[in-house]
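Chains as they are written, first to last, in numbering that gives the first Met the number 0: chain L, 0 to 192; chain X, 0 to 192; chain V, 0 to 192; chain Y, 0 to 192; chain B, 0 to 192; chain Z, 0 to 192.
Incorrect hints may appear among the rest.
Each computed DSSO-like pair below joins lysine-lysine, with the alpha-carbon atoms no more than 30 Å apart [what the hints assert, rightly or not]:
1. L:K29 x L:K98
2. Z:K13 x L:K60
3. Z:K66 x Z:K98
4. Y:K60 x Y:K98
5. B:K29 x Y:K13
6. L:K29 x L:K13
7. X:K98 x X:K66
8. L:K98 x X:K98
9. X:K29 x X:K66
10. V:K29 x V:K13
11. X:K13 x X:K98
12. V:K98 x Y:K98
13. L:K66 x L:K29
14. V:K60 x V:K98
15. Y:K29 x Y:K13
16. V:K29 x V:K66
17. Z:K13 x Z:K29
18. Y:K60 x Y:K29
19. B:K98 x Y:K60
20. B:K98 x Z:K13
21. Z:K13 x Z:K98
22. V:K98 x V:K13
23. V:K60 x X:K13
24. Z:K98 x Z:K60
25. B:K60 x B:K98
26. X:K60 x V:K13
27. Z:K13 x L:K13
Computed beta-carbon distance windows for the label pairs [as the list claims (entries may be wrong)]:
28. L:G31 x X:S117: 46 to 56 Å
29. V:N99 x X:S117: 34 to 44 Å
30. V:G148 x Z:L131: 55 to 65 Å
31. X:G148 x Y:E61: 17 to 27 Å
Away from chain B, derived, C-beta distances all over 10 Å, residues of chain V [to be verified]:
32. L12
33. A25
34. F32
35. E45
36. E59
37. E61
38. G62
39. N109
40. R111
If you're looking for bench data, these hints aren't it; they were derived computationally from the structure.
From the three backbone atoms N, C-alpha and C, an ideal C-beta is built for every residue, glycine too.
Number of protein chains: 6
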Amino acid sequence: MSLPISRFPVPELKSLPEDVRARILAVQEKSGFIPNVFLVLAHRPEEFRAFFAYHDALMEKEGGLTKAEREMIVVATSGANQCQYCVVAHGAILRIRAKNPLVADQVAVNYRKADIPSRQRVMLDFAMRVALESHVLGDADLEALRRQGFTDEDAWDIAAIAAFFALSNRMANFTGMRPNDEFYLMGRVPKEK
Amino acid sequence: MSLPISRFPVPELKSLPEDVRARILAVQEKSGFIPNVFLVLAHRPEEFRAFFAYHDALMEKEGGLTKAEREMIVVATSGANQCQYCVVAHGAILRIRAKNPLVADQVAVNYRKADIPSRQRVMLDFAMRVALESHVLGDADLEALRRQGFTDEDAWDIAAIAAFFALSNRMANFTGMRPNDEFYLMGRVPKEK
Amino acid sequence: MSLPISRFPVPELKSLPEDVRARILAVQEKSGFIPNVFLVLAHRPEEFRAFFAYHDALMEKEGGLTKAEREMIVVATSGANQCQYCVVAHGAILRIRAKNPLVADQVAVNYRKADIPSRQRVMLDFAMRVALESHVLGDADLEALRRQGFTDEDAWDIAAIAAFFALSNRMANFTGMRPNDEFYLMGRVPKEK
Amino acid sequence: MSLPISRFPVPELKSLPEDVRARILAVQEKSGFIPNVFLVLAHRPEEFRAFFAYHDALMEKEGGLTKAEREMIVVATSGANQCQYCVVAHGAILRIRAKNPLVADQVAVNYRKADIPSRQRVMLDFAMRVALESHVLGDADLEALRRQGFTDEDAWDIAAIAAFFALSNRMANFTGMRPNDEFYLMGRVPKEK
Amino acid sequence: MSLPISRFPVPELKSLPEDVRARILAVQEKSGFIPNVFLVLAHRPEEFRAFFAYHDALMEKEGGLTKAEREMIVVATSGANQCQYCVVAHGAILRIRAKNPLVADQVAVNYRKADIPSRQRVMLDFAMRVALESHVLGDADLEALRRQGFTDEDAWDIAAIAAFFALSNRMANFTGMRPNDEFYLMGRVPKEK
Amino acid sequence: MSLPISRFPVPELKSLPEDVRARILAVQEKSGFIPNVFLVLAHRPEEFRAFFAYHDALMEKEGGLTKAEREMIVVATSGANQCQYCVVAHGAILRIRAKNPLVADQVAVNYRKADIPSRQRVMLDFAMRVALESHVLGDADLEALRRQGFTDEDAWDIAAIAAFFALSNRMANFTGMRPNDEFYLMGRVPKEK
Chain L
0 MSLPISRFPV
10 PELKSLPEDV
20 RARILAVQEK
30 SGFIPNVFLV
40 LAHRPEEFRA
50 FFAYHDALME
60 KEGGLTKAER
70 EMIVVATSGA
80 NQCQYCVVAH
90 GAILRIRAKN
100 PLVADQVAVN
110 YRKADIPSRQ
120 RVMLDFAMRV
130 ALESHVLGDA
140 DLEALRRQGF
150 TDEDAWDIAA
160 IAAFFALSNR
170 MANFTGMRPN
180 DEFYLMGRVP
190 KEK
Chain X
0 MSLPISRFPV
10 PELKSLPEDV
20 RARILAVQEK
30 SGFIPNVFLV
40 LAHRPEEFRA
50 FFAYHDALME
60 KEGGLTKAER
70 EMIVVATSGA
80 NQCQYCVVAH
90 GAILRIRAKN
100 PLVADQVAVN
110 YRKADIPSRQ
120 RVMLDFAMRV
130 ALESHVLGDA
140 DLEALRRQGF
150 TDEDAWDIAA
160 IAAFFALSNR
170 MANFTGMRPN
180 DEFYLMGRVP
190 KEK
Chain V
0 MSLPISRFPV
10 PELKSLPEDV
20 RARILAVQEK
30 SGFIPNVFLV
40 LAHRPEEFRA
50 FFAYHDALME
60 KEGGLTKAER
70 EMIVVATSGA
80 NQCQYCVVAH
90 GAILRIRAKN
100 PLVADQVAVN
110 YRKADIPSRQ
120 RVMLDFAMRV
130 ALESHVLGDA
140 DLEALRRQGF
150 TDEDAWDIAA
160 IAAFFALSNR
170 MANFTGMRPN
180 DEFYLMGRVP
190 KEK
Chain Y
0 MSLPISRFPV
10 PELKSLPEDV
20 RARILAVQEK
30 SGFIPNVFLV
40 LAHRPEEFRA
50 FFAYHDALME
60 KEGGLTKAER
70 EMIVVATSGA
80 NQCQYCVVAH
90 GAILRIRAKN
100 PLVADQVAVN
110 YRKADIPSRQ
120 RVMLDFAMRV
130 ALESHVLGDA
140 DLEALRRQGF
150 TDEDAWDIAA
160 IAAFFALSNR
170 MANFTGMRPN
180 DEFYLMGRVP
190 KEK
Chain B
0 MSLPISRFPV
10 PELKSLPEDV
20 RARILAVQEK
30 SGFIPNVFLV
40 LAHRPEEFRA
50 FFAYHDALME
60 KEGGLTKAER
70 EMIVVATSGA
80 NQCQYCVVAH
90 GAILRIRAKN
100 PLVADQVAVN
110 YRKADIPSRQ
120 RVMLDFAMRV
130 ALESHVLGDA
140 DLEALRRQGF
150 TDEDAWDIAA
160 IAAFFALSNR
170 MANFTGMRPN
180 DEFYLMGRVP
190 KEK
Chain Z
0 MSLPISRFPV
10 PELKSLPEDV
20 RARILAVQEK
30 SGFIPNVFLV
40 LAHRPEEFRA
50 FFAYHDALME
60 KEGGLTKAER
70 EMIVVATSGA
80 NQCQYCVVAH
90 GAILRIRAKN
100 PLVADQVAVN
110 YRKADIPSRQ
120 RVMLDFAMRV
130 ALESHVLGDA
140 DLEALRRQGF
150 TDEDAWDIAA
160 IAAFFALSNR
170 MANFTGMRPN
180 DEFYLMGRVP
190 KEK
């Protein structure tokens, strides 16, 4: 597909600083392709490093939230921000991590109607509030999380993921970041044994 | 899957009036399954008849819009209304009619970023205005359509589809209408020859 | 009055299909004039038939809501959608059906301030939610109706009327449908005996 | 009608300061009844005096706007603010001043669809911007007025009326100010000669 | 500073009616400078008189609210309306009346995060509702005030101040009223003894 | 002042990883106090590192925007997001970098009314669009920047700063991050020579 993946120049891999290139090659090795977010943001190596360091600190860490739950926060808030790249790319990761081919499309359109337990529904209520009206957040919002068994450290995780993708959605919308075609089908078809 | 498809009782096929049952059996014959909208709305046969008569008058007619374009209007406005059933079900139909496995997800999240020609982008600008702020519609909106080659009859089609799904989205959101699992994968995997 | 009643051509009665013409003549016989919605929508006979079949299924049926209550839903939600035709025309019908010359103007501007019992206020809270934010509708909304004695079938009626006029308001706003002058005064002056 | 006209105590005429009572008796003499706004605001005589001094300075003055145009601004912005008292009471005055039984209902619901010349439509565009988003007002808004022949003093009049009724609408909504029954029919029926 | 303080002509003091000039000289005597609102509104002496009569009736009166609390309502609602003049000028007065150099900036940005007791937070919740959505105000809002010990007369004060500055903010935004440079630093630096 | 600066535990400096502590001591050395954002975010050292690496990559770099302009973007978008910490802290930095004691308060309330050249006004129009509705960003927005002499790399800077503070504002609102008292007066009083 020859459609541009960014409004900005996309650097050649060989022209990139060693650490940035290594990171990109590692993800290509693992995924079989290079997600466009890596190529688009590599236009600014210093920002690239901070972006992925932040991303990994939030998305790859241990903690009270499962990895699928983290991706669910990304998909729901990115849907609210109408960010095509993040909904499509993280929708794929959510399907894989949740081993559920349906949940990403459900959460992207309207998480209130998704097949998720009330714990996750409350988690997404909170994440959406961070994404869309953080200025009204108060104790009652944290209480609602606690009633579902979330710790305050979990609350930080939820808020920080919603906040980080507030940044990410805006950069993707600004750059016109195009989702790779590969993402659309990932995690939809059960693998044969 | 045993999750309920509606907040309301879903009638048995055999208990339905003959014409309603015939319509449902015909779609089952054609699609291989019964889309849940037929079963959910059959709770009220008289409304069912009017709903599908209206639907067919708009979606199955000849005219200046292709069938894929009609479905595109449904997907974009249903995304804006956060209607899970319509995005998932009509997303499937859009993929099939457009013979394009990517366009439905793109249009559902943010049609401004979709891989569509400017004609369709302007068509969706107009449809979204009908869906979200019809009280401000004026001559300038129709002029924008004409500049893309749409006739005023095409404008009626676009407006009427957006208006009909304003109804449809609200009924689906109200009844908690669940999309059939079959829709999620339809039109995503190219058929082998 | 020679102002146009639609952006679109208005058909001559004699050029219309027999059933459409018969329907229009019947309403003229009953009301003494032809409400413009009939003439404007007759531009598309097939959609006309479905529209009025749907309308009658919702507005003329027996059930837990009085006919005045059904019109009240139309006036409140059409006011929110800034639909001049529906507020003026159904305001007239509401005055007549409720035998109350004041309630339509009250409900059109702000139903929270209208002289209506709390049952009707809760009914309109629900209808407005369907009209304006159906994606957040949940069990709590239905519970609020039940506490006022509404059955779930009544809830369907309320939702379906609000949903149908979501369609109707958009078509009226799109076509520039002009209310007949007759409507403005109907039901305002008590008939002498 | 025994419904309360305010959440607050309504003073007896005889208990009011002389100037406030005189003002109220004068309006009663002229109109044949006492509009409730006078009785409701008389609860606070000092504010009453300032309110009506401001009102008269804007609504009774000579200038580039006709008195009907001034009332039109009141009705349009009060409709946007969902203020029942102001829409009903000033709707009556607008019908009388414009000698037009239809225009008030049209402007209250959606001024863009009213039977008014483009000069008045642009005037109301400006008034609505003052009412709803004055923080974005800029030179372009004043230019649009000038192109319709409005002077900058006319612009002040339009803005000041919209601003004054921003206050008035809020006080009416807060006090639960009830429109007098008399207003609903005023100006609707042509007087016989 | 030679930047214009209004889009409109600013009258010379000597050209003003005696009472208007006297009022302006008195404030200059007291404050050491003439706040621009006096000069800008003096363009229309009759409106000037009503404006300041209203202002004084609300802001200078005795009652259940302290003068600092009255200014707090002005700053919070003017922040919501993005009115630069009122936030800067009344922020200065608030700092002085509350003898607190921080509270004005806090309240202007987000009163929910300000260092204020819950009584004042509830007062501002109510004021913001008057400012931004007075059409939904109901008994529950007054109950919330009563639970904090506010009387219904206090409620009128809060509502009337929010309503008056709804007017004031719109006039300041419309005229492009410029805050005097003096206001920015007032009340920030503790006076030496 | 003993008010809490975060909902979360604030680490002791001595308990922090060496690099985090060094960074904090350096800012204390430079500013004379430790801005609370450092202490609040140090609760999560890994996120702290990414946050400040990102911050510095955007705010300390060379480029087409002055440092004052970068702070102006922060203040305007943080005002829109009602983030008290960022408005107060970056308002201080803006005053210092712009050597202008007034501009920060102006931009925080309503940048359209600030004493800034049209270049900066257009820059802030763009930044606000990124902050508040990035999903509609298109070529026309970039064109508007170019007409003011901004390069596309400048556009990235503007967008990235607005996006980064979308994150930052949400974290500050979530944690209840309290601005240090020192910020309020910084840059307001001209230094004596």
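How the hints compare with the structure:
Straight-line distance between C-alpha atoms of K29 of chain L and K98 of chain L comes to about 18 Å, which keeps the hinted pair within the 30 Å bound. For the hint linking K13 of chain Z to K60 of chain L, the alpha-carbon distance of about 24 Å falls within 30 Å, and the restraint holds. With a C-alpha separation of about 11 Å, the suggested pairing of K66 of chain Z with K98 of chain Z holds against the 30 Å cut-off. Between K60 of chain Y and K98 of chain Y, the direct Cα distance comes to roughly 20 Å. Compliance with the 30 Å bound is thereby established for this hinted pair.
With a CA separation close to 39 Å, the supplied pair K29 of chain B and K13 of chain Y exceeds the 30 Å bound. Restraint check for K29 of chain L and K13 of chain L: satisfied, since their Cα atoms lie roughly 19 Å apart, inside the 30 Å limit. The straight-line distance between the Cα atoms of K98 of chain X and K66 of chain X is roughly 11 Å, inside the 30 Å bound, and the hint therefore holds. For a cut-off of 30 Å, the pair hint linking K98 of chain L to K98 of chain X stands: about 27 Å separates their Cα positions.
Between K29 of chain X and K66 of chain X the CA atoms are separated by roughly 17 Å; this keeps the pair inside 30 Å, and the hint holds. A hinted pair counts as satisfied when its Cα atoms are at most 30 Å apart, and K29 of chain V with K13 of chain V qualifies at roughly 19 Å. Our distance criterion of 30 Å between C-alpha atoms is broken by K13 of chain X and K98 of chain X, whose separation comes to about 36 Å. Distance check on the hinted pair: K98 of chain V and K98 of chain Y sit about 27 Å apart at the alpha-carbon level, within 30 Å; holds.
Annotation: proposed proximity of K66 of chain L to K29 of chain L holds, straight-line Cα distance about 17 Å (limit 30 Å). Distance check on the hinted pair: K60 of chain V and K98 of chain V sit about 20 Å apart at the alpha-carbon level, within 30 Å; holds. Taking the CA atoms of K29 of chain Y and K13 of chain Y, the gap is about 19 Å. The hint holds against a cut of 30 Å. This hinted pair checks out: K29 of chain V and K66 of chain V have alpha carbons roughly 17 Å apart, not beyond 30 Å.
The straight-line distance between the Cα atoms of K13 of chain Z and K29 of chain Z is roughly 19 Å, inside the 30 Å bound, and the hint therefore holds. As the CA atoms of K60 of chain Y and K29 of chain Y are separated by approximately 18 Å, the hinted pair is consistent with the 30 Å bound. A hinted pair counts as satisfied when its Cα atoms are at most 30 Å apart, and K98 of chain B with K60 of chain Y does not qualify at roughly 43 Å. The straight-line distance between the Cα atoms of K98 of chain B and K13 of chain Z is roughly 37 Å, outside the 30 Å bound, and the hint therefore fails.
With a C-alpha separation of about 36 Å, the suggested pairing of K13 of chain Z with K98 of chain Z is violated against the 30 Å cut-off. A distance of roughly 36 Å separates the Cα atoms of K98 of chain V and K13 of chain V; the hinted pair therefore is violated under the 30 Å criterion. A threshold of 30 Å between alpha carbons decides the hint, and for K60 of chain V with K13 of chain X the separation of about 24 Å falls inside it, so the pair holds. Between the alpha carbons of K98 of chain Z and K60 of chain Z the distance comes to roughly 20 Å, so the proposed pair stays at or under 30 Å and holds.
About 20 Å separates the Cα atoms of K60 of chain B and K98 of chain B, which keeps this hinted pair within 30 Å; it holds. Straight-line distance between C-alpha atoms of K60 of chain X and K13 of chain V comes to about 24 Å, which keeps the hinted pair within the 30 Å bound. Of the supplied pair hints, the one linking K13 of chain Z and K13 of chain L is violated, its CA atoms being roughly 42 Å apart against a limit of 30 Å. Checked against the given bound of 46 to 56 Å, the beta carbons of G31 of chain L and S117 of chain X, roughly 34 Å apart, lie outside it.
Hint check: N99 of chain V to S117 of chain X, Cβ distance near 52 Å, so the stated range 34 to 44 Å is violated. The hint said 55 to 65 Å for the Cβ distance between G148 of chain V and L131 of chain Z, and at roughly 44 Å that hint is violated. Checked against the given bound of 17 to 27 Å, the beta carbons of G148 of chain X and E61 of chain Y, roughly 52 Å apart, lie outside it. The claim that L12 of chain V is not at the interface with chain B holds, since no C-beta of that chain comes within 10 Å of its own (minimum 43 Å).
For A25 of chain V, the shortest C-beta to C-beta distance to chain B comes to about 40 Å, beyond the 10 Å cut-off, and the non-interface label holds. Residue placement check: F32 of chain V keeps its beta carbon more than 10 Å from all beta carbons of chain B (closest about 34 Å). For E45 of chain V, the condition that its CB be more than 10 Å from all CB atoms of chain B holds, with the nearest at approximately 40 Å. With a least beta-carbon separation of about 32 Å from chain B, E59 of chain V lies farther than 10 Å from that chain, consistent with its non-interface assignment.
Once the 10 Å rule is applied to beta carbons, E61 of chain V is consistent with being away from chain B; the minimum gap is 34 Å. Look at G62 of chain V: its CB is around 29 Å from the nearest CB on chain B, clear of 10 Å, so calling it non-interface holds up. The claim that N109 of chain V is not at the interface with chain B is violated, since a C-beta of that chain comes within 10 Å of its own (minimum 5 Å). The Cβ of R111 of chain V sits about 7 Å from the closest Cβ of chain B, inside the 10 Å cut-off, so the non-interface label is violated.
Violated hints for the displayed structure, listed by number in ascending order: 5, 11, 19, 20, 21, 22, 27, 28, 29, 30, 31, 39, 40.
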